[in-house]
Amino acid sequence: MAEVERRRTWWWIAAAVVLAALIILFLLKQTHYSPPAAKMTTPAAYNPGQPTADDGQWVMPAKDYASTRFSGLNEINVSNVANLRPEFTFETGINKGHEEAPIVVGGTMFIVTPYPNKVFALDLTKPGAPLKWSFEPKPAPASQGVACCDVVNRGAVYWDGKIIITTLDGVVIALDANSGAQAWRTQLGDINRGETITMAPLVVKGKVLVGDSGGETGVRGWLTALDAGSGKIAWRAYNTGPDKDVLIGPDFHPFYKMDQGTDLGVKTWPPDAWKTGGGTVWGWISYDPELNLIYYGTGNPGPWNADQRPGDNKWTSGIFARDPDTGQAKWFYQLSPHDIHDYDGINEIVLLDLPIGGKVRKVLVRPERNGYVYVIDRATGQVLSADPFAYVNSSKGVDLKTGELQVNPDKVTQVGKTVRDICPSANGAKDWNPSAWSPRTGLLYLPHVNMCMDWQSAEVSYIAGTPYVGAEVVMYGGAGGNRGAFTAWDPVKRRAAWEIKEDLPIWSGALATAGDVVFYGTLDGWFKAVDARNGQLLWQFKTGSGIIGQPVAYKGPDGREYIAIMSGVGGWAGAIVSGNLDPQDPTAALGFVNATQDLKKRTNTGGTLYVFALPPRR
Amino acid sequence: MSSRFRPAVRALLGLVAAAALVGACDRELRDFGSSAPEAGPTIQTTSLTPGPGGQVPPDPRGEIYEKSAAHVSEGGRLFRWYNCNGCHSNGGGGMGPALIDDEWRYGSSIEQIYGTIAEGRPNGMPSFRGKATDEQIWELAAYVRSLGGFTPQASSSRNDEIRSTPPRNQVTPPKPSAEGGASVQGTAP
Numbered sequence: 000m001a002e003v004e005r006r007r008t009w010w011w012i013a014a015a016v017v018l019a020a021l022i023i024l025f026l027l028k029q030t031h032y033s034p035p036a037a038k039m040t041t042p043a044a045y046n047p048g049q050p051t052a053d054d055g056q057w058v059m060p061a062k063d064y065a066s067t068r069f070s071g072l073n074e075i076n077v078s079n080v081a082n083l084r085p086e087f088t089f090e091t092g093i094n095k096g097h098e099e100a101p102i103v104v105g106g107t108m109f110i111v112t113p114y115p116n117k118v119f120a121l122d123l124t125k126p127g128a129p130l131k132w133s134f135e136p137k138p139a140p141a142s143q144g145v146a147c148c149d150v151v152n153r154g155a156v157y158w159d160g161k162i163i164i165t166t167l168d169g170v171v172i173a174l175d176a177n178s179g180a181q182a183w184r185t186q187l188g189d190i191n192r193g194e195t196i197t198m199a200p201l202v203v204k205g206k207v208l209v210g211d212s213g214g215e216t217g218v219r220g221w222l223t224a225l226d227a228g229s230g231k232i233a234w235r236a237y238n239t240g241p242d243k244d245v246l247i248g249p250d251f252h253p254f255y256k257m258d259q260g261t262d263l264g265v266k267t268w269p270p271d272a273w274k275t276g277g278g279t280v281w282g283w284i285s286y287d288p289e290l291n292l293i294y295y296g297t298g299n300p301g302p303w304n305a306d307q308r309p310g311d312n313k314w315t316s317g318i319f320a321r322d323p324d325t326g327q328a329k330w331f332y333q334l335s336p337h338d339i340h341d342y343d344g345i346n347e348i349v350l351l352d353l354p355i356g357g358k359v360r361k362v363l364v365r366p367e368r369n370g371y372v373y374v375i376d377r378a379t380g381q382v383l384s385a386d387p388f389a390y391v392n393s394s395k396g397v398d399l400k401t402g403e404l405q406v407n408p409d410k411v412t413q414v415g416k417t418v419r420d421i422c423p424s425a426n427g428a429k430d431w432n433p434s435a436w437s438p439r440t441g442l443l444y445l446p447h448v449n450m451c452m453d454w455q456s457a458e459v460s461y462i463a464g465t466p467y468v469g470a471e472v473v474m475y476g477g478a479g480g481n482r483g484a485f486t487a488w489d490p491v492k493r494r495a496a497w498e499i500k501e502d503l504p505i506w507s508g509a510l511a512t513a514g515d516v517v518f519y520g521t522l523d524g525w526f527k528a529v530d531a532r533n534g535q536l537l538w539q540f541k542t543g544s545g546i547i548g549q550p551v552a553y554k555g556p557d558g559r560e561y562i563a564i565m566s567g568v569g570g571w572a573g574a575i576v577s578g579n580l581d582p583q584d585p586t587a588a589l590g591f592v593n594a595t596q597d598l599k600k601r602t603n604t605g606g607t608l609y610v611f612a613l614p615p616r617r
Numbered sequence: 000m001s002s003r004f005r006p007a008v009r010a011l012l013g014l015v016a017a018a019a020l021v022g023a024c025d026r027e028l029r030d031f032g033s034s035a036p037e038a039g040p041t042i043q044t045t046s047l048t049p050g051p052g053g054q055v056p057p058d059p060r061g062e063i064y065e066k067s068a069a070h071v072s073e074g075g076r077l078f079r080w081y082n083c084n085g086c087h088s089n090g091g092g093g094m095g096p097a098l099i100d101d102e103w104r105y106g107s108s109i110e111q112i113y114g115t116i117a118e119g120r121p122n123g124m125p126s127f128r129g130k131a132t133d134e135q136i137w138e139l140a141a142y143v144r145s146l147g148g149f150t151p152q153a154s155s156s157r158n159d160e161i162r163s164t165p166p167r168n169q170v171t172p173p174k175p176s177a178e179g180g181a182s183v184q185g186t187a188p
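Line order of the protein sequences matches chains E and Z.
Numbering-wise (numbering that gives the first Met the number 0), the first sequence opens with residue 0 and increments by one.
Numbering-wise (numbering that gives the first Met the number 0), the second sequence opens with residue 0 and increments by one.
Please note that the accuracy of each hint is not assured.
Claimed, not checked - If you anchor each label on the Cβ, the simulated ranges turn out as follows:
(1) E/Ser229 x Z/Gly119: 34 to 40 Å
(2) Z/Val55 x E/Ala478: 38 to 44 Å
(3) E/Asn407 x Z/Ile63: 48 to 54 Å
(4) E/Arg84 x Z/Thr45: 44 to 50 Å
(5) E/Gly230 x Z/Pro151: 52 to 58 Å
Claimed, not checked - Stretches of chain E that chain Z covers, calculated by requiring three or more beta carbons in the stretch to come under 8 Å of a beta carbon on chain Z:
(6) 62-76
(7) 381-388
Think of the hints as simulated: they come from the structure by calculation, not from any bench.
We put the CB at the ideal spot given by N, CA and C, even for glycine.
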């Protein structure tokens, strides 16, 4: 009897020990994220006071200052992503293009919508993530009339207890992240000159960095730094005009001769044309804390009709490196001098330390509208490589000695001439929608398009607050029949590892995770998860509208990993649906409508947040 | 013998044919001296009129402008001159709404289109009063009506741009619901 009792007790103790071990293991997995075996290092992530490799938050649209859009979370991985299911949704009530990235800080998610730029804070600590607060900035309705390609917004940013947003009518607003109360509000743009703001701000060393949109309305592009505490303007750097306006001083050392000289922002234009010359900043900014440099691209020169602006049109369609404290320029590289195809230079800039030529170099990687992936030394501005990631016939390569783009003379646009079959089209081989980098695979995941165009330039007069384009464009799908492509690019081997062909142009961003899963969405609303190593489709979900947003990953207050994406068609690619444009006119929406004639039949407008997770463990 | 007369007969036949062609042309008379009064029309943006009374009668100038090929053609030139095409493309829209479809937020009558151009609209349409003359605004309105397929008889039979669509005088006219009173649809821009 006693023997049996003792044996039972032993059994109970053994069971308890096993159970305890399991619980500890479970807790360890929940709370301790072990960083992946990183093949390459990335500059310090934006971790306000938290030293962990990934705190599970998503405080800025690009995830970190290096703009990797890589989440270290791996609960959702290649082996279980097939079980992903919607956890909750949230309707924004706005039928315009939702390009924004949701922002997650602590137990709250923040969304800023397209015009009218409403801000929603969702409480992730409660079931179904109910609304915590909302804010309506009430931008001027007339601003919708000067926004080139739908009335989008690319996201908010969190900094020191504040949520900072931009509005279409050119305003930057800081809100208290807890209450939604307005902390400050600064007007930067003037819609009567065609200036709007669509980009997500970035906060670097207590300064909010914001640029203007309006490259199609003849604005003068700039980047402005505001004090994040007060909203007061600290500095503004123009991208055209005299050196003193561009904040070019003794520290300015461009690598290539073509970018060297004084007042090139005036001299490379016909008289006064720089005042309406574009060079806007509506894309992405990255920051290297070690070099203390910010990097951002400048938009196309205006007007599109290049005959009206002979010259290199500095400092449009290029990359600036600047000191964030003073705004002073450090170097500049012009990707498309005297742009003749609307190849804005505003895409994302991914900061990586890559082994190139036998040693690790601090580089920036830029998948550019003109069709090349540039690998550039981020300290000096030297181009180390530039390889086409899509079909390109508008140019024949990049001369690494001079830095010059070798423009194809057959594809030069001119008044009185219709130039056909120019590849890539005006929106580029890849537009604003950002790529993601995985340090685990060493691949950059590029969501992009495969499109070409016909172009006819025409004389255009400048009328402030109206379009300043001077070109009729008709776009269509490129060779192969697929209008979109999702390419995994190896910037060291300088070639694609794999590529997925998509029928429709891809206008969504990408997300890479430590679970070796990569996410993106399609214009007709499919949200897809593919294997980061080979591109194999692992899971997909059809959302209510086309996807042009930026997927993010976060760890919820319950410790589980979540994937969030905005659905809501629009943007330049989806303007045919969100603006109800008429495909009878192939030149509509600057020619994009011709390439997406079928889109009205395949999706409808509507803005909704979708959040996915694995089924909870039982 | 007969060969001696042949050139003369040919010439005669040619003359007769030419005369017949000239006679077949009904050349539009242009009134070069006219200029419209500076005052715009009375504009009604809604078809709701409470109580007895009804619709505001159409402005007689509207018909004059929209039935004149010269005015419509000049409107087309001005459509580019004032960068209207920058937003509305060749009628398919872009930054602004389409003009060749059957949706008219602020009404499709020539008076209503005149009003939209002259006064602007709150969701992005700028006001061109004081920028364009009154006659130019009428001409623009007449051209926009032709884009909408309302006035095929006065429209050009060929396109000046790289479109591959039928000329405007062959565009299928919009559904009747879009003609007449205002059809304000939705509150979006």
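Verification of the hints:
Restraint check, E/Ser229 to Z/Gly119: a C-beta distance of roughly 36 Å satisfies the suggested window 34 to 40 Å. A hinted range of 38 to 44 Å is violated for the C-beta pair Z/Val55 and E/Ala478, which are about 56 Å apart. Judged by the Cβ atoms, the range 48 to 54 Å given for E/Asn407 and Z/Ile63 holds: they are separated by roughly 51 Å. Checked against the given bound of 44 to 50 Å, the beta carbons of E/Arg84 and Z/Thr45, roughly 48 Å apart, stay inside it.
Remark: the range hint 52 to 58 Å for E/Gly230 to Z/Pro151 is upheld by a beta-carbon distance near 56 Å. Counting residues of the region 62-76 of chain E whose beta carbon lies closer than 8 Å to any beta carbon of chain Z gives 0, which falls below the threshold of three, so the coverage claim is violated. Only residues whose beta carbon comes within less than 8 Å of a beta carbon in chain Z count, and the region 381-388 of chain E has 0; fewer than three means the coverage is violated.
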